[in-house]
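Visitor: Next come the chains, spelled out residue by residue.
Protein chains: 4
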Amino acid sequence: MSVEDDEVSAPDRPGRRRTARLEAFSDGVFAIAITLLVLDLAIPVTQHSEQRLMDAIGDEWPGYLGYLVSFSTVGAVWLGHSAITDYLDRADATLLRLNLLLLFFVSFLPFRTRLLSEYITTDRAEGVAVTFYGLTLLVAGALLSLLWRYALHARLVRPDTGDEEITLLTHRLTPGLGAYALLIIVGLFQPVVAVIGYLVIAVFFLIPVRIRRR
Amino acid sequence: MSVEDDEVSAPDRPGRRRTARLEAFSDGVFAIAITLLVLDLAIPVTQHSEQRLMDAIGDEWPGYLGYLVSFSTVGAVWLGHSAITDYLDRADATLLRLNLLLLFFVSFLPFRTRLLSEYITTDRAEGVAVTFYGLTLLVAGALLSLLWRYALHARLVRPDTGDEEITLLTHRLTPGLGAYALLIIVGLFQPVVAVIGYLVIAVFFLIPVRIRRR
Amino acid sequence: MSVEDDEVSAPDRPGRRRTARLEAFSDGVFAIAITLLVLDLAIPVTQHSEQRLMDAIGDEWPGYLGYLVSFSTVGAVWLGHSAITDYLDRADATLLRLNLLLLFFVSFLPFRTRLLSEYITTDRAEGVAVTFYGLTLLVAGALLSLLWRYALHARLVRPDTGDEEITLLTHRLTPGLGAYALLIIVGLFQPVVAVIGYLVIAVFFLIPVRIRRR
Amino acid sequence: MSVEDDEVSAPDRPGRRRTARLEAFSDGVFAIAITLLVLDLAIPVTQHSEQRLMDAIGDEWPGYLGYLVSFSTVGAVWLGHSAITDYLDRADATLLRLNLLLLFFVSFLPFRTRLLSEYITTDRAEGVAVTFYGLTLLVAGALLSLLWRYALHARLVRPDTGDEEITLLTHRLTPGLGAYALLIIVGLFQPVVAVIGYLVIAVFFLIPVRIRRR
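Taken in order, these protein sequences are the chains called H, B, L and D. To convert, take the position in the first sequence, counting from 1, and add 1; that gives my numbering. To convert, take the position in the second sequence, counting from 1, and add 1; that gives my numbering. To convert, take the position in the third sequence, counting from 1, and add 1; that gives my numbering. To convert, take the position in the fourth sequence, counting from 1, and add 1; that gives my numbering.
Mixed in with the good hints, there may be bad ones.
[Claimed, not checked] Reference excerpt, derived from the structure (chain L facing chain B, CB under 10 angstroms, subset only): (1) Ala-25; (2) Phe-31; (3) Ala-32; (4) Phe-105; (5) Ala-143; (6) Phe-205; (7) Leu-207.
The hints are simulated quantities; they were obtained by calculation from the structure and are not laboratory data. The model shown is predicted, which means the values in this text are computed figures rather than measured ones. Glycine included, C-beta positions come from ideal geometry on N, C-alpha and C.
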């Protein structure tokens, strides 16, 4: 058994354990952010308790749309994040910080979603709310891409990873950024179109592409 | 030491780690969904602070019933989910997405429970709230069953799993679906009966059947 | 390498992984329950925003006392729980269910704490709130003890565990039950005394006893 | 294979598993505390729904500042915590309790942040709120430092850790304490200056120092 093998199989190796904590902490933040979205959804309904329930649920469509977009986006970011850590051999100090920055914007999303759901039907303010929402998505996507590029640059990726796999994941993490930037501009004029666009991007990431593995 | 053994004992193997993250993220969402149920329970009581506490707690029975049904259901889904991942050898892209869809409905349950608890005593609306609640349970149950069937289909299950164990788990995950469908129809006419029926199904899943293991 | 050794070192063994998920899910519920306590603490203060802040914080002592007792109790139950799983070799179907039942009462504690904090200064109701609180603590303690006794009974404990260690943990988990039962009776007449008693029990469990290990 | 090796590679070893649960439980509390901060942020905005959204967001700057400081601080404490457990070989009873005490103050931070954000613009009370906030940060920092020193004292640190690495981490965890004490005094006279000071300390910890590793 070579020293190399031994290091790979030892779950106690410092670098390895730090990656495990990065994953556990990130999973916690992702799981809480995605579940907190429902808390915001629950509040408007109780204020309409006098109305008939079906009507009330119908009136709440911006809340449901915001919930759907944010759940899909957090889900897509989590998938990208788990794909990155899947290839990660170890974590260094900078990667941990970049990851914290990404989590900052992920944990910010339930607040942005509430803002979006509340203001999307108000003519004056919806452009602002949708722009803030889009910027948060853009930054989260950019940080996810940066996380992967830094991991490649700092040689934190497992040495046995094939070049094709690296190229595939790099491509997969990038195109969303341009689309987000475009939709932020669209959102200044047509907020609802932008929100539906954000949903389309998230769903696009969620549809599985058969990633070739041996 | 054969190559096979080596793969089994290496906790760093890509597929293996992705399964670990699927489990950690799912556990987070399950844990938050099951604990958030209590937040909804806490709110009505404070509105009755003028009443005598015993009476107030008595008046809150729909909240307690909804809490009990949802806790039992999330608990039962978690048990089924942990049984599935117990046999899982690795996770592929589609399984991760199916799991996200299941978590979507699990994280939706606290909202549905609040709706149920608030409307169950209102004649007009309770049928609608109970129907939505039942549909969420049905879809969650169906996705859990689908998760297992997909894992079998895509050969993601550990190769050393016995056929009897597979058949046992497949049977165990299925019957709830028919019962849920039946109770949704019952719930249109007798909402409280349907809710008690949902409790019975969850408790049925929670009662341990001695699963044969070598 | 014997078959026995191989089983111990394989982190993928079904029974082993189920224990890991039991731990992860339980840790999630414990972590959320212990952190949700603060949410209840935050609410009363905002209602007194007109008062001077120091006075308002002084008026909130029942909230702080309830927070301290519940945090200490959840902390003590988590310590007991981690001591039990530390000796656990594998989990069976019944243990997973007993654990779910324990988590039900743990996740119930933030609600009980809010009730306690709100009603402890109200003459009429405090006896009832403190009795419910004490019963929740008693049941949680009893279930923790039952979890350990079941694990011993069903031979789920690691075979290399010394008899003294088993006796020590069994003793450690038991005495609280009698004290809780006594304090529930005291609480009917002297609620504040009972709450301070619950704090003393939790702190007693939190003070480390030097557990002998090789 | 020596006995030593065997112990290192066995993820089931009691001490090892207890460390894993300490990490998982702590990650849960850190993740919830850092995500709960957003809940407090969301509340004020809805109360200003009549105002123009841009103005409302502008008025909320104390909430955003508090959010930024607390997120950075919890992030910095988590980084320090993960650095400590990275070097941890096993956990003993006292370390688990010290860790619970640290988590008590971490989970307390969202409440303190809400207090800070609400009172920072009120002349009378802001000194008190900022002092309480600073004391919580000071105690959390002191407990983190104590956790590491106790681990060194009780020989819980992995034996293969280099002396330089130990000295580096000890130095890294200490200086914040003096700065926090100084800022608490400053905060009695210039609350906003103190809060910006707390942000500077957190950001200082978050900027990566290249930690030398083989």
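Visitor: A separate judgement is required for each hint: does it hold in the structure or not?
Guide: Hint check results:
1. For Ala-25 (chain L), the suggested interface contact is upheld, since its CB lies about 4 angstroms from the closest CB of chain B, less than 10 angstroms.
2. Using the Cβ-Cβ criterion of 10 angstroms, the hint placing Phe-31 (chain L) at the interface with chain B is satisfied: the shortest such distance is roughly 9 angstroms.
3. Among the interface hints, the one on Ala-32 (chain L) holds; its C-beta lies about 8 angstroms from the nearest C-beta in chain B, closer than the 10 angstroms criterion.
4. The interface hint given for Phe-105 (chain L) is met, as the beta carbon of that residue sits about 6 angstroms from the closest beta carbon of chain B, less than 10 angstroms.
5. Using the Cβ-Cβ criterion of 10 angstroms, the hint placing Ala-143 (chain L) at the interface with chain B is not satisfied: the shortest such distance is roughly 19 angstroms.
6. Hint status for Phe-205 (chain L): violated, given a least beta-carbon distance of 26 angstroms to chain B, over 10 angstroms.
7. Violation of the interface hint for Leu-207 (chain L) is found here, the shortest Cβ-Cβ separation to chain B being roughly 22 angstroms, above the 10 angstroms cut-off.
Hints 5, 6 and 7 from the earlier list are contradicted by this structure; the remaining hints agree with it.
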